[in-house]
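Visitor: Line by line, the protein sequences give chains A and B. Numbered according to this note's numbering, the first sequence terminates at residue 302, and the numbering increases by one at each position without gaps. Numbered according to this note's numbering, the second sequence terminates at residue 302, and the numbering increases by one at each position without gaps.
Please note that the accuracy of each hint is not assured.
Any copy will do: because identical chains look the same in the list, a pair fits if it lies in one copy or spans two.
Unchecked claim - Think about it this way: if two alpha-carbon atoms lie no more than 25 Å apart in a straight line, the pair counts; the simulated SDA-like pairs of lysine to any residue are:
#, residue 1, residue 2
1, Lys254, Ala29
2, Lys254, Pro286
3, Lys254, Ile198
4, Lys254, Ala65
5, Lys254, Asp9
6, Lys254, Asp284
If you're looking for bench data, these hints aren't it; they were derived computationally from the structure.
Protein chains: 2
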Amino acid sequence: MSPADSLTDSLTDSLTDEVLASFATTPDARLRTVLERVVVHLHELVREVEPTVAEWEAAIGFLTAVGATCDDTRQEFILLSDVLGVSSLVETVNGSGEGTESTVLGPFHMTASPPRELGDSIDDLGGGRRALVTGRVVDPAGDPVPGAAIDVWQCTEDGFYDVQQPERQPAGNGRGLFRADERGRFRFRTVVPGHYPIPTDGPVGALLGVTRRHPYRPAHVHLLVSAPGFATLTTHLFVRGSPYLDEDAVFAVKEGLVVDFAEVDAAVGGDGAQGSSTTEDGMDRPYRHADVEIVLVPAVVP
Amino acid sequence: MSPADSLTDSLTDSLTDEVLASFATTPDARLRTVLERVVVHLHELVREVEPTVAEWEAAIGFLTAVGATCDDTRQEFILLSDVLGVSSLVETVNGSGEGTESTVLGPFHMTASPPRELGDSIDDLGGGRRALVTGRVVDPAGDPVPGAAIDVWQCTEDGFYDVQQPERQPAGNGRGLFRADERGRFRFRTVVPGHYPIPTDGPVGALLGVTRRHPYRPAHVHLLVSAPGFATLTTHLFVRGSPYLDEDAVFAVKEGLVVDFAEVDAAVGGDGAQGSSTTEDGMDRPYRHADVEIVLVPAVVP
């Protein structure tokens, strides 16, 4: 290290101390802690990469462009958080380590899902690759959670949510709010969702472009499961075999959330029925069947 | 550490690795390095402070508000960088350790300074606390840098730049572009600038509010000094004795940049003249006199 480097290090250390001291009288202790850690990491980052003034200006310009892309229906900062793995990490550090794993909420839970009856279809378009999702909501001991609310939303086979195609899809297509029965069971009919790209027409898309990253997410169904006395669970069911399961653009895949959407054909029914093209489930064969167990953990009382 | 914590740590570590791997094929090696360090620090920050989902949403909301405050004449992200000490740190790590210290450019170098002759006044309003600034631009050996360009800008005694008061101040008030003479010397007349608050009507002002930080900057004159073959110097002259020298809201003060604006009265002239209320400088007495030596360092040839 040259004397000049040593002098610069001493100056930057005292600058960091000065900034930290400026937050010392913040009344909210939690806010103070968070700001102090933000400052420490920002300053360490600057010391490590030693950005030129032009690079700093480019960073300011990028954040400004992200801000300019946000509006009532577009949240580019969340998308940035998503593609840097921060959203997934925040979900993970908030996990209890018990129960079904959580993952990111994503940007498409923007409208209320229509209440539907158990067994109803959430596919209002009559898609081709029919699926049946069945499951049970239980507590960590395996006992049922009767009456749990299961809010589901997913894209079409082509990879579009209803809000992205208001002229093609009726509002609420691909969405449903279900209530588990007295044994914690739920079931709904749908189509197997497609994989799809996150929005690429903004600065986050440009970032993916210059870093040669693809924008795709593997096929998934969103679930938001809640019941009195339990922590609300935000999660996905990922479709086993989907492209991009190993390289989700937003890093939300967890192995335990990947489920089989097993084919049930006319000859060998998943429910034992044979020789008929329509079963008592109301499912035209062939169809895909996914069965899941959702484990909720008791809410932490503050 | 509980087994659940240990499991979470393992999950978050592998998530960070996954995000880092996603940038591995970025063609621009410098961009890849910067993004990797950004990811490492963001993820470490999340692991350290373990933000709740509500806190993460608050952070997203803050950045979104900062973005919404930016327009053609307002740069709230630069202001955020300033109050977190990042702008000053970037200037510091780009310093050579030699020559006059640099400091932040600030947001008010938005219009070109009018060319003026050596000795001219940059104060078009006839302010009361008159000042004379004299100086010499030299290289590290002390030899003059003839013809160096000295771009200066400052606020009024009341603390406002011309662009902030277009109806009260003529454009170019407080600004001047000077050319050093063959001995590297320069001089201009002005008023002693006031201390002033940074803009507090946006989200950065709100941040200062909740952290009980004041928004003030100590009195200063901006200098941007350039000459062929030398690194351009962005710096300030701080007025010794100004309030807030020890607690600049943007952390830009460096001790070597604080200069005396010494009073020159009718009885004892700084230039040796006595008994007259007007000197050959064209300065009405009393006035303040600051004299500085600006040391430029040779440009680094890439």
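Visitor: Give me the numbers of the hints this structure contradicts, sorted from smallest to largest.
Guide: 1, 2, 4 and 6
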